[in-house]
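There are 2 protein chains.
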Amino acid sequence: MTSTRPLRADAARNRRLLLAAAAEEFAERGLDASVADIARRAGVGKGTVFRHFATKDHLLAAIVLDRIDALNAVGERLLKAADPGAALLEFLTVAAHQRQQRDLSFLQDAGELPAEVTRARAQMFHTVHALVDRAREHGVVRVDVTGADVILLMCAPNYVTSYVPDASPDLWQRYLAIIFDGLRPEGAHPLPHPPPAAP
Amino acid sequence: MTSTRPLRADAARNRRLLLAAAAEEFAERGLDASVADIARRAGVGKGTVFRHFATKDHLLAAIVLDRIDALNAVGERLLKAADPGAALLEFLTVAAHQRQQRDLSFLQDAGELPAEVTRARAQMFHTVHALVDRAREHGVVRVDVTGADVILLMCAPNYVTSYVPDASPDLWQRYLAIIFDGLRPEGAHPLPHPPPAAP
DNA sequence: TAGCAAGTTGACCGCCCGGTCCGTTTATCG
DNA sequence: CGATAAACGGACCGGGCGGTCAACTTGCTA
Numbered sequence: 001m002t003s004t005r006p007l008r009a010d011a012a013r014n015r016r017l018l019l020a021a022a023a024e025e026f027a028e029r030g031l032d033a034s035v036a037d038i039a040r041r042a043g044v045g046k047g048t049v050f051r052h053f054a055t056k057d058h059l060l061a062a063i064v065l066d067r068i069d070a071l072n073a074v075g076e077r078l079l080k081a082a083d084p085g086a087a088l089l090e091f092l093t094v095a096a097h098q099r100q101q102r103d104l105s106f107l108q109d110a111g112e113l114p115a116e117v118t119r120a121r122a123q124m125f126h127t128v129h130a131l132v133d134r135a136r137e138h139g140v141v142r143v144d145v146t147g148a149d150v151i152l153l154m155c156a157p158n159y160v161t162s163y164v165p166d167a168s169p170d171l172w173q174r175y176l177a178i179i180f181d182g183l184r185p186e187g188a189h190p191l192p193h194p195p196p197a198a199p
Numbered sequence: 001m002t003s004t005r006p007l008r009a010d011a012a013r014n015r016r017l018l019l020a021a022a023a024e025e026f027a028e029r030g031l032d033a034s035v036a037d038i039a040r041r042a043g044v045g046k047g048t049v050f051r052h053f054a055t056k057d058h059l060l061a062a063i064v065l066d067r068i069d070a071l072n073a074v075g076e077r078l079l080k081a082a083d084p085g086a087a088l089l090e091f092l093t094v095a096a097h098q099r100q101q102r103d104l105s106f107l108q109d110a111g112e113l114p115a116e117v118t119r120a121r122a123q124m125f126h127t128v129h130a131l132v133d134r135a136r137e138h139g140v141v142r143v144d145v146t147g148a149d150v151i152l153l154m155c156a157p158n159y160v161t162s163y164v165p166d167a168s169p170d171l172w173q174r175y176l177a178i179i180f181d182g183l184r185p186e187g188a189h190p191l192p193h194p195p196p197a198a199p
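Residue numbers (full-length UniProt numbering), protein chains in the order written: chain A, 1 to 199; chain B, 1 to 199.
Calculated from the structure, these hints are not laboratory results.
Covered stretches of chain A, going by a simulated chain B footprint (3 or more residues, C-beta under 8 Å):
no. : region
1   : 145-153
2   : 166-176
3   : 191-197
Ranges of calculated distance between the beta carbons of each label pair, as one might list FRET restraints:
no. : chain 1 : residue 1 : chain 2 : residue 2 : range
4   : A       : G47       : B       : D170      : 48 to 56 Å
5   : B       : D10       : A       : G43       : 54 to 62 Å
6   : A       : E186      : B       : A82       : 24 to 32 Å
7   : B       : L7        : A       : F50       : 46 to 54 Å
8   : B       : D37       : A       : Q98       : 32 to 40 Å
9   : B       : D69       : A       : P194      : 31 to 39 Å
10  : A       : A130      : B       : G47       : 53 to 61 Å
11  : B       : P6        : A       : G43       : 54 to 62 Å
12  : A       : D133      : B       : A81       : 34 to 42 Å
13  : B       : G47       : A       : E76       : 55 to 63 Å
14  : B       : P165      : A       : P190      : 20 to 28 Å
All residues carry an ideal CB built from backbone N, CA and C; glycine is no exception.
Work out the full structure: start from the sequences and follow the hints.
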């Protein structure tokens, strides 16, 4: 157990400022936003960043962890929703909405993330699998798609809209709808390749 | 007009080696593959890279231009194919297959690309619009999707599979199929957002 | 309010990158 | 061949990055 003595007031404030600034900076400039810029945006010195987060990756991980946890809470709730199809769609909508900006994708890179992130991510994968299974059993998702498929596709709407220079911030909804229609059983054509085992 | 005296034999060979090495390196490491690594892989000095290509971006542009031109040739042919639905699917298949590896996406970044690339890209966009229009008129693509939608979605299969660590090199086919089913009129639900004007 | 640990800071370090430059090598052609 | 311009290569440069550190400031507590 880490015996966490509470943070000093200014330190706690700076930590919050840093997380907010980093989220904005990553959103605008992608993962190679510089630590110096993040510090400037937060109004603190660069050294302060590294007092709170061992490395730039740890800072990123803290942000990502927050988001995954939030998503997990939503998923947990939706598992008990009445309409399994609507529940899955809502989950994907919340996920896309939350990651409205640049990618950050929490699936990614496996650059040896802290164990907490790995665990939260695994939990999210589990939730998605459950949501998909339930939707499939109710016949609102085609029989040949798996949770892994949905996990992979769930980042696509944000990705494709990132190429539109002055896109409406809601454009991703259009592509989520198209992809979701592709997941439905009506008019489904057989898939040419088995699903991945991984996620 | 650039009065192009023919390249010396060794220079021409090195140019080819460089393009090949750069394509592989970009494929493996993404757009931030280093010029030094590319040179090493091609078996030439770093200075030679810049003799052939003014900047790293010009090198990238040369590769991208090749691919877009190849794609345009395919598109041109498919515009005269008998089955418009199969033609569109084949075009997207060729596009995805060619970009099997990492992204490079030719839509992207607008980092002031050379005029040739911009023009070739515009021509490709035009071709896609035509393919989509023809497919829509034949009722194999839903009425509410546009060429711009397909252009955006066409990179998604490669993107999503890039997150699977040891994916089969053909996994993208699965997601192209799902997305393509989403483009079909059968079982289509109305789209929540107008299409983008841009591409 | 005094003392101290906790927190802050920005100069600094080493690294790697894209790009330059010039001494050297080499394909080409009269 | 031998002369010459084209091509080559790698040391070198400036800049920006992630990360460190020691001197300084400040919130907490007794």
